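**Q** Spelled out, the chains give:
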Amino acid sequence: MDRAKIYKNVKDINEEEFVLPGTPLCAGCGGLLALRLAYKVLGQKVVILNAAGCFTLLSTYPYTPFRSSWLYTAMACGPAGAQGIRDALDILIEKGSIPKEENLKVVVLTGDGSAYDIGLQSTSGAIHRNLDFYYICYDNEAFGNTGFQMASSSPYGSRTGTTQPSDAYPMATEQQKKDLFEIWRAHKPPYMATVSPAHPVDLSAKFKKASEYKGPKLFITLAPCPTGWGYGASRSNRIAKLAVECGIWPLKEAIEGKLKHTYIPKFKPVEEYLSLQGRYDHLFKPVRNDFTIKKIQKGIDRYWAPFLKLTSCKR
Amino acid sequence: MIRVRFHGRGGQGIKTASRILGTAAFLEGYYVQDAPLYGAERRGAPITAFDRISKEPVLERGIITNPDIIAIGDETLLNDAAANVFQGIRKGGIFFVNTHYEASHILERYCLPECKVIVHDVTDITINTVGKASVSATLAACICRITGTAGKEALINAIKKELKSIELKDETIDKNIEAAILCYDKMSEVPIETYRFNPVSGPKIIAVKHYLPPKGVAVIYAKGNTKKRKTGNWRLFKPCINYERCVRCGICFVSCPDGCISLDTDNYPVIEYANCKGCLICYEECSAKAIETKREVRTW
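Line order of the protein sequences matches chains A and B.
Numbering-wise (my numbering), the first sequence opens with residue 7 and increments by one.
Numbering-wise (my numbering), the second sequence opens with residue 25 and increments by one.
In isolation and in its complexed conformation, chain B is listed as follows:
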């Protein structure tokens, strides 16, 4: 059985990527199980999805802590401890990252065990072909090829089926297929040493004591500490102010939902990039066309 774990950010299409991979393998005659896992947060927040692909019925359940392949949809998650992307990484495992960097850079920087790091800039291909940065079909295509679980035909049919079910337009689906084939052809099959599951004893159960509200309720005493959560990692395109064109109207300042634009002493807007989520409302609203967008690569 091959166990695949996807990591990405909400809105990237990670859940759909796991479904496409599952459906493609299913069409090739495998037994498949796929499931996403995410919290209450949605766009931009780290999400995980799992696939189990086997020639025999899959009886294993639950989250995958010992994946054979870890597929990272957003490189910035490597620096996010809460996303826990390295969980269960082992010697001989496959670590796929959607990034501009070289594989050797990732191996060194994160001191990974001797696993096979495969890199590919899926986002770039998707933006150039589809126009949007939803990597569901392209990421699934890479993993399909690496695992060798599905051929092109099954992959195309799976993409059609899954993207139709989330009500994408036919033209968008066709572009996704085109991008997926590009990715599929760039990858090559890699032999996988699958993890042998050893039965372990059940988890230790801890009884939680009852505490009265002053002690038992989560209380935050800090003021405005969300700034420490660097939501700037969510960004794909960066708004940049051209101060020569700026007329200091203040529209961007009152249009930023996150309050990431402030005004300096001369009333010129200043963007705080550590937390700017890249919604680009400022770019759209600027009547002087003083805000440009730049695709961000190599952010970490």
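Just chain A, same shape as in the assembly:
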């Protein structure tokens, strides 16, 4: 990686490809775009530890899209596996078995099912041990690989495979999305950030910045999912952009636990984001569910209020 590289606009983004085409992932996968962009900053010397999820399909025998190493683990133990690889690399380098130049960046790649639920404790352990690794969670807000069942990352008001709208639950998903960022932030890791595939410059700059820190470097990326969210594949980036502009997906970073927003959105009304997706259709048809839509908007306003020092969201 070029140490002096600064990311100011699209032209600064590396032209070299590290995730090659032909993957079996769905057309228009937002998570894959985020991974491709992240890889352009991480470079070639990387070993990925992939906890079970959609991205397990990236390397299906006998094909791989990567030019570097990739390993597959169970859902719960991505960071635990990363510890093993990190230790092995450190020992081999110390013994002189491999030259220092062949050191690899250890990257854990998990979906939201693993990051928010099943693998949370091993992540917490790895941050606590100050393991030098990257963690990328591609968040499509449900268990996308198995039929889009609800996860603790599924937002309030969205329809998933296991939370269908009904008379008793007109909002479909009743629970609020778990705030994984804040759970991680409580550990005060050296660097952590949220990114979006539709903000490639912001994403690249964050990965570049993270490389300056030793210890856990954690990322959550929004991963618009045409299959699960119910929209045409071509709209992935538009939806990712709207998520940021409506304020529902804040772009932020935290260094040693100190929070900073890297982009202040235009605060479009959240309907613009919701109405494009099939998973929110029940909020608009056959009758408009104003209560739920207002509650989602209120949640966003309440989140931003302390940062904007405003009592209500400006429009």
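If you are wondering where the hints come from, they were derived from the structure by calculation, not from laboratory data.
Every clue listed holds true.
Subject to a maximum C-alpha distance of 25 Å in a straight line, what follows is the list of computed DMTMM-like cross-link-like pairs (lysine to aspartate or glutamate): (1) Lys194(A) to Glu262(A); (2) Lys291(A) to Glu195(B); (3) Lys291(A) to Glu191(B); (4) Lys115(B) to Glu132(B); (5) Lys17(A) to Asp288(B); (6) Lys199(B) to Asp287(A); (7) Lys156(B) to Glu308(B); (8) Lys185(B) to Asp173(A); (9) Lys156(B) to Asp194(B); (10) Lys11(A) to Asp290(B); (11) Lys252(B) to Glu22(A); (12) Lys185(B) to Asp198(B); (13) Lys264(A) to Asp307(A); (14) Lys51(A) to Glu22(A); (15) Lys272(A) to Glu308(B); (16) Lys188(B) to Glu180(A).
Sample of chain A residues at the chain B side, in silico, Cβ under 8 Å: (17) Val16; (18) Glu21; (19) Val25; (20) Gly28; (21) Pro30; (22) Gly34; (23) Leu38; (24) Tyr69; (25) Pro71; (26) Thr233; (27) Ala239; (28) Asn243.
Just so you know, these numbers come straight off a predicted model, no measurement behind them.
Heads up, the beta-carbon is just placed ideally off N, CA and C, and yes, glycines get one too.
For this one, chain A is given, so just place chain B on it according to the hints.
**A** Frame of chain A, contents of chain B only:
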């Protein structure tokens, strides 16, 4: 008993097509069994679905290796060995393909036995009528008519029931019915020589030996060889760059999830069509409106 096997790509509605065919025959008083089969991959990946339709209770189980009708939802699957679409094809069987080509072309090109090849461009009718390329209702309508298992009324009711269950809007369902009737009327009933099932001895069971991880675990030593999987076959619409309008902003390059757009020495984008899945994010994102889409037909 009539055995039907559907082949198509994830997202095309193949599973739903088999359900519509099954439900329509059921409403006509048949005993029916239908089941889909697919792996962990979803959109774009080859999937298979099976239907057994009989006047007596269906006791046969499992996948259909000797179908009376093979219905292909995506013509590009004919070139995909992994999809195994020709499995169990036989003399006198019916081979339905959703394609622009003539039946004779398919017979010659794939050296098929003397089976009845029926072709119809279902995708075209569906795109023109429904607006989307989901061929569930239209493909099912063709097979309904060919087998003669269901009349129009049963077909319409089956489409309503199945498409409602996947939560489509009423207007979309109506358009699907319209397209399905168009297909139904274009087809005609074909006499079917059904396969007589001969009991065979069970499969040979092989005990797999235990190997230590260096030998027993699947290891890929190649680098980036997914390029060999021509995912360009998934595409329905092709993005084409109009270089006269292109302003070389690079937005398409950073928006392509699959990395199929690269920049040439003058920073003009170049699309690699062998692997482009046709998601059309580049088309949507291009602020200079320099990317056009073209419907692709006759891709093989």
